[in-house]
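Visitor: So you can see what is in the structure, the chains are spelled out below.
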Amino acid sequence: MWKIKLLFIFFLILYLIVIAKLFLIQVFNIYRKDNFLYLQSKKLMPERGKIYDRQNNPLVLNQINYLMYLEPKKIENKDIIFKKLEAILKIDKASLEAKFDREKYWIPVADRLDKETKSEIEKLKIKGIGFEEKMRRYYPEASLSAHLLGFVGKNKDGEDIGYFGVEGFYNKELTGLPGFIQSEKDILGRPIMIGLQEKVEPENGRDLILTVDKTIQEIAKKKLAEGLKNYKAKSGCVIVADPSTMAILALVCLPDYDPDNYYLFSENYFKNPAISDLFEPGSIFKPLIMAAALQENKIKPDDFYNEQGPINIGEYQIRTWDNKYEGKISMTRILERSSNVGMVFIGEKLGKKNLLKYLNKFGFNELTGIDLQGEVSGFLKPVDQWYSIDYATVTFGQGIAVTPIQMITAFASIINGGNLMRPYVVSTIVSSDKKNVIKPKKIREIINEKNSLIIRKMLTSAVENGEVSWARPKGYKIGGKTGTAQIPIKGRYDPSKTIASFIGFIPADQPKIIVLVTLKEPGTSPWGSETAAPLFFEIIKELILYYNLVPE
Amino acid sequence: MKINFKKIVGFLIFIFIASKICFFVLGIKLSEEIKVLDNKIKKVHQENIELEKEISFLDSYQYAASQAADLGFIKEAQPIYLENLKYALKN
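From first to last, the protein sequence lines stand for chains A and B.
FYI, the working numbering numbers position 93 of the first sequence as 93, with every residue one higher than the one before it.
In the working numbering, each residue carries its 1-based index in the second sequence increased by 1000.
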């Protein structure tokens, strides 16, 4: 009998020990870590895709940052702690004290801390300070491609989301898919092997390889910044593209913003003027109408026009830019001296119906489809709202509003053999298992190869025999056209405020590069020939060196 | 020969208990290893991100420009021409 009693007492003691231990664990939380849960479920966030230029140079990467937080209930002597933190975080003690609230469980104190700062604070071994790991975008080239890339901000749920540019357009591809982990863990946080262990790996965002070349982007930005300063312009854009595919090689508009500190800038800076701002193109529009008239066989390159004086249309009078008239001039000469009256003559030859047909064919009534967020379409009035003066002024690029990207896309179509191409900035989308190469897309044919060749010759002549002789690189054939468009303000044109532009290409025989330069309200001269054109040639000189183009 | 069931059952129970303890200890050891490896992977991933950032910074135009400025390879370093050389020539 005593043996049974002994066994009973032994088991009783054993149970009491187990109960006591459970009591200590469950009631007094011994061993327990701060955020211990028996069944731990966690969303695994994917890493956002990176963005590279065409030479695989990184334009946007990710970096790890830390959010430092306080747990006020665990903090004992806040004054000493704040004094220590003040020196490291460079946040004054008063600000830290203002944030502190003893009633709260969790207070965020400093965001975007790097690894070094985090370890410095950790060395202090202060109870009640914690860190939350965060991923943030890193731009090795700072704001080199701000408008092109866009930035990553937060949506209303506090999740990362891309805004503007590539980040906005390809947000879904860049974001990836979150994973999931569910794990039964023991008291020391180790996974229990025989328990529930479920893990679905996150799918990281896809990387993007752009058509953009970092070096050309740098050249364009540097030259544009110098141009704005030299010509005292308010703003400006430079677009460089391959005219045969419309792959964008560089796209810069100034002023821009710092995508890393986007919240320090007003929203006006975020919009990319190259795709979101409309402007009246002025004389750079003339070659498009010339090409349309050639294609419709309404004019021939060796035709002549008698430039006698101004043309009256209703109550309006159309003059040449210098109010001088040369008499009998060729079609090429009309472009060389940028004759408005000559263009009205060509417009009349082309006819109203054809004029509208070609404006639509060039895509001025639709989006170009460029893969950047924020593109707006140009605006063409309904047919019944077109008056005779509108048909006349549109031939020299006034009375029509287009975006710079529409302008360069349409212009590229008349020099590349006649094909309107969709402009694009992403050439390859790379995921973990495959590469998706984006091919150039032809939208429609506008003119034939023969007429394209004629236009290229006319535009080369326009550069060589134009009204102004520029400091051109010697030995190279360059085609192009200047433009000076007055800015409409409250229904009237202000002659002192212009948008100066130049669009050109090189080599003239087989164009490899097309460049559009626009300057808004240049202060030194209102003319495109004296502001945008010299800037264009400055850029071209650098591109010749970069591409190692040989003189013709 | 009489089979001693009690001894066989006792032996089996002993084997089960021993193997259970063995598996339990191995499980703990394995989960400990998983935890260590998880942390190592996380650390390596963090190091990769840090290194990628550092390499891209060293390869950037921003860094090149700052180095050029430090070393004096900037426009300000161009020669300054003396204009009134005639005085020097006279003397």
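Treat the hints with caution; some may be incorrect.
Here are the simulated lysine to any residue pairs, SDA-like style, with alpha carbons at most 25 Å apart [claimed, not checked]: (1) A/Lys3 <-> B/Asp1038; (2) A/Lys123 <-> B/Val1025; (3) A/Lys123 <-> B/Lys1006; (4) B/Lys1040 <-> A/Lys21; (5) A/Lys21 <-> B/Val1025; (6) A/Lys42 <-> B/Lys1006; (7) A/Lys123 <-> B/Ile1028; (8) A/Lys42 <-> B/Ile1041; (9) A/Lys118 <-> B/Asp1070; (10) B/Lys1035 <-> A/Phe131; (11) A/Lys3 <-> B/Lys1040; (12) B/Lys1053 <-> A/Leu7; (13) B/Lys1053 <-> A/Met45; (14) A/Lys118 <-> B/Phe1073; (15) A/Lys541 <-> B/Phe1073; (16) B/Lys1007 <-> A/Glu133; (17) A/Lys42 <-> B/Phe1014; (18) A/Lys199 <-> B/Asp1038; (19) A/Lys118 <-> B/Val1025; (20) A/Lys222 <-> B/Ile1055; (21) B/Lys1043 <-> A/Gln63; (22) B/Lys1040 <-> A/Lys541.
In short, the hints are calculated from the structure, not lab data.
Visitor: Now, for every hint given, state plainly whether the structure supports it.
Guide: Structure-based check of each hint:
A hinted pair counts as satisfied when its Cα atoms are at most 25 Å apart, and A/Lys3 with B/Asp1038 does not qualify at roughly 51 Å. Taking the CA atoms of A/Lys123 and B/Val1025, the gap is about 35 Å. The hint is violated against a cut of 25 Å. Under the criterion of a C-alpha separation no larger than 25 Å, the hint pairing A/Lys123 with B/Lys1006 is inconsistent with the structure, at around 62 Å. Between B/Lys1040 and A/Lys21 the alpha-carbon distance is near 33 Å, which puts this suggested pair outside the 25 Å criterion.
With a CA separation close to 20 Å, the supplied pair A/Lys21 and B/Val1025 stays within the 25 Å bound. A threshold of 25 Å between alpha carbons decides the hint, and for A/Lys42 with B/Lys1006 the separation of about 50 Å lies outside it, so the pair is violated. Taking the CA atoms of A/Lys123 and B/Ile1028, the gap is about 31 Å. The hint is violated against a cut of 25 Å. With a C-alpha separation of about 17 Å, the suggested pair A/Lys42 and B/Ile1041 falls inside the 25 Å cut-off, and the hint holds.
For the proposed pair A/Lys118 and B/Asp1070, the alpha carbon gap of about 30 Å is over 25 Å, so the pair is violated. Of the pairs offered as hints, the one joining B/Lys1035 and A/Phe131 holds, with about 20 Å between alpha carbons and a cut-off of 25 Å not exceeded. Annotation: proposed proximity of A/Lys3 to B/Lys1040 is violated, straight-line Cα distance about 54 Å (limit 25 Å). Taking the CA atoms of B/Lys1053 and A/Leu7, the gap is about 67 Å. The hint is violated against a cut of 25 Å.
Pair hint B/Lys1053 plus A/Met45 holds up; C-alpha atoms about 20 Å apart against a cutoff of 25 Å. Of the pairs offered as hints, the one joining A/Lys118 and B/Phe1073 is violated, with about 36 Å between alpha carbons and a cut-off of 25 Å exceeded. The hinted pair formed by A/Lys541 and B/Phe1073 meets the criterion: a straight-line CA distance of about 21 Å does not exceed 25 Å. Simply put, B/Lys1007 and A/Glu133 have alpha-carbon atoms about 59 Å apart, too far for the 25 Å limit, and the pair is violated.
At most 25 Å may separate the alpha-carbon atoms for a hinted pair to count; A/Lys42 and B/Phe1014 exceed this at roughly 40 Å. Restraint check for A/Lys199 and B/Asp1038: satisfied, since their Cα atoms lie roughly 13 Å apart, inside the 25 Å limit. As the CA atoms of A/Lys118 and B/Val1025 are separated by approximately 36 Å, the hinted pair breaks the 25 Å bound. The straight-line distance between the Cα atoms of A/Lys222 and B/Ile1055 is roughly 24 Å, inside the 25 Å bound, and the hint therefore holds.
Only pairs whose Cα atoms come within 25 Å are accepted, and B/Lys1043 paired with A/Gln63 is accepted, the gap being roughly 14 Å. For the suggested pair B/Lys1040 and A/Lys541, the alpha carbons sit about 52 Å apart, so the restraint of at most 25 Å is broken.
Going down the numbered hints, you'll see the structure goes against 1, 2, 3, 4, 6, 7, 9, 11, 12, 14, 16, 17, 19, 22, while the others check out.
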